[in-house]
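Residue numbers (the numbering used here), protein chains in the order written: chain L, 2 to 111; chain V, 584 to 701.
Because the hints were derived from the structure by calculation, they are not lab data. C-beta: ideal position from N, C-alpha, C; glycine also. Some clues are possibly wrong.
As the list claims (entries may be wrong) - So the derived list for chain V, only partly shown, Cβ under 10 Å to chain L, looks like this: (1) Y615; (2) Q622; (3) S635; (4) V699.
To be verified - Calculated from the model, a selection of chain V residues having no Cβ within reach of chain L, i.e. all distances over 10 Å: (5) G591; (6) G592; (7) G599; (8) A606; (9) T637; (10) G649; (11) W691; (12) G692; (13) Q693.
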Amino acid sequence: QSVVTQPPSASGTPGQRVTISCSGSSSNIGSNTVNWYQHLPGTAPKLLIYSNNQRPSGVPDRFSGSKSGTSASLAISGLQSEDEADYYCAAWDDSLKGVVFGGGTKLTVL
Amino acid sequence: EVQLVESGGGLVKPGGSLRLSCAASGFTFSSYSMNWVRQAPGTGLEWVSSISGTSSYIYYADSVKGRFTISRDNAKRSLYLQMSSLRAEDTAVYYCARSVMYQPSDYWGQGTLVTVSS
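Please construct the entire structure, taking both the sequences and the accompanying hints into account.
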């Protein structure tokens, strides 16, 4: 069981806005920054959001991140079929002395 | 362009050993921490180990502590993971990933598959 909790699945129709939550604790999300990744099977995970709400160059502004207390969230607006993938949040954990990942959320575009 | 290329995966018997390598290019290797992250079949991403740029700080997940050893050679721009006493539950795709210490990774390699089976 992951130290950081994500919903196992999410779905939306093209053009819709979807939000994925990530719930942690004071030792991880509460005291460190959060990254979000998009992962397709057989490929390298792709960084979507770093430092809670920053987008790397090349990532569309349809993707946005936020953090409040011990929780974070990823929002995807204008949903597209190519957004169908697994999404993970991650943060350093001061108690475990390592990176903790959420369990992952499988996004389906209906 | 940042590139990370893993190698060394394969089929190994329970109790056996394997050494993974990761060749880095496109950035100042010694300035970054490096990490190994794995994904077992049907499961999510699991952090395995991190090493700082000068190898001064090394951390392991409890699941591999005492069995796996992370190291790096900055002159060769390479990261390694020596895995011993392998178990079936170590079967996974192993990713090499770059980061700043105490933060999650930004760039990742394509991964190398390790299968532990008799």
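To see whether the hints hold, each was checked on the structure:
{"no.": "1", "hint": "Y615", "verdict": "14 Å, violated"}
{"no.": "2", "hint": "Q622", "verdict": "8 Å, holds"}
{"no.": "3", "hint": "S635", "verdict": "12 Å, violated"}
{"no.": "4", "hint": "V699", "verdict": "20 Å, violated"}
{"no.": "5", "hint": "G591", "verdict": "17 Å, holds"}
{"no.": "6", "hint": "G592", "verdict": "14 Å, holds"}
{"no.": "7", "hint": "G599", "verdict": "25 Å, holds"}
{"no.": "8", "hint": "A606", "verdict": "14 Å, holds"}
{"no.": "9", "hint": "T637", "verdict": "18 Å, holds"}
{"no.": "10", "hint": "G649", "verdict": "15 Å, holds"}
{"no.": "11", "hint": "W691", "verdict": "4 Å, violated"}
{"no.": "12", "hint": "G692", "verdict": "6 Å, violated"}
{"no.": "13", "hint": "Q693", "verdict": "5 Å, violated"}
Checked against the numbered hints above, the structure breaks hints 1, 3, 4, 11, 12, 13 and satisfies the rest.
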